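Let chain A serve as the given structure and place chain B on it in line with the hints.
Number of protein chains: 2
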Amino acid sequence: MERPGGRTARVRASVLRAAGDALAERGFVNLDLGDLARRAEVGRTTVYRRWGTVTAVLTDLLLEMAVESVPRADTGSLEGDLRVNARLVVKTLTDQRQGPLFKAVLGAATSDDDAAAALTRFYLTRIREWAPCVTDAEARGEIPPGTDAEEVVRAVSAPLYYRFVTGTGELDDAVADRAVAAAVAAAKAGVFSRANGAR
Amino acid sequence: MERPGGRTARVRASVLRAAGDALAERGFVNLDLGDLARRAEVGRTTVYRRWGTVTAVLTDLLLEMAVESVPRADTGSLEGDLRVNARLVVKTLTDQRQGPLFKAVLGAATSDDDAAAALTRFYLTRIREWAPCVTDAEARGEIPPGTDAEEVVRAVSAPLYYRFVTGTGELDDAVADRAVAAAVAAAKAGVFSRANGAR
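Listed in order, the protein sequences are those of chains A and B.
For what it's worth, my numbering labels the leading residue of the first sequence as 1, then goes sequentially.
For what it's worth, my numbering labels the leading residue of the second sequence as 1001, then goes sequentially.
Next up, chain A with everything else stripped away, as it sits in the complex:
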């Protein structure tokens, strides 16, 4: 009998860590199940039986990343909460391991439909985790009633990912804070009102 957190969980943790390392180092195109088994010091048969494809490993990794990711902030102000999120995104995308890892995952999603679906689920989880910062701000009267909370959260991440993907600008805390200021100004102006067609 196997207890929770036992061998199966350890094998998964090892393989997902190896997958993250391999993605960061060599990208999705070069991901190989046999290589992951070696890196994770896990039997090839186990890896092939449990995941079967590199896309399945990637999907599982994104699921784990969503579960492990930082919960929403609660600083008492919309700008404060969103700054925590924006700075976290910048920290992640500029991190020596996480930056290349995200680049690999975004790259995989451009060519593999299952990877794209897993990536979308990851971002929807993140967006929904942080949306209550916006609904709380609406309840406090900081922004107009009927603001689309998810759209505000997306608006904060968008300029950061745009820079990350197109390489058309630096990524630092000043950029993060400006992304927040822009999203908050637009939210206060009613741009993200659901009546305005936001969804």
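What the hints contain is simulated information worked out from the structure, not anything from laboratory work.
A quick note: this is a predicted structure, and the numbers were derived from the prediction, not measured.
Treat the hints with care, since some could be wrong.
Distance windows between CB atoms, simulated [as the list claims (entries may be wrong)]:
hint: 1; chain 1: B; residue 1: P1071; chain 2: A; residue 2: D113; range: 32 to 42 Å
hint: 2; chain 1: B; residue 1: L1124; chain 2: A; residue 2: A9; range: 28 to 38 Å
hint: 3; chain 1: B; residue 1: E1142; chain 2: A; residue 2: T135; range: 46 to 56 Å
Okay, the calculated bits of chain B under chain A, using three or more residues with CB under 8 Å as the criterion [said to hold, decoys possible]:
hint: 4; stretch: 1113-1125
hint: 5; stretch: 1157-1163
Ideal Cβ placement from N, Cα and C applies to all residues, glycine included.
Just chain B now, with coordinates in the frame of chain A:
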């Protein structure tokens, strides 16, 4: 002697069209110079001699796309100009050929440094083409003096590319117009002021 617009130009046009088709159909990973030569009905030797690598073809394609791309609008208002741009981005990213093509190019940039550099040059060209819409609006007094024009243009594209890359929302004219409204509201609030650290 070869005249401009002669055989060399025709060969380049054929190969770049074939590259665009192949990228849209099968992505960057499956791009192959021999296949491009066949598709373009051009000799393999010519293609290998002129470009040498698939990345060189991609770089040339992005250069051509920048040259051929739509010039800035001049509607008389910032919101009007930026709407033309945002709707153009949506039209491109949702186009049956251009959408997969852009996905392939963005994917290539995640794994190939030369492709990434070419992609950055493409977007910088586009951003700089449209920036005068913002400086004109500043001259008309629509937005505060000292607004970072390129940052405003980026702010319009960012939510559209974020949706395109993460798959976390539709892309249509309503989304395009909302991206513009958000950028204009933030610009009017002084968020993109250079004094505010924009660059």
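For each hint, the structure was consulted:
1. B/P1071 <-> A/D113: 32 to 42 Å: 35 Å, holds
2. B/L1124 <-> A/A9: 28 to 38 Å: 47 Å, violated
3. B/E1142 <-> A/T135: 46 to 56 Å: With Cβ atoms ~32 Å apart, the hint is violated.
4. 1113-1125: holds (count 6)
5. 1157-1163: Since three or more residues must qualify, the claim that chain A covers the stretch 1157-1163 of chain B holds, with 6 doing so at under 8 Å.
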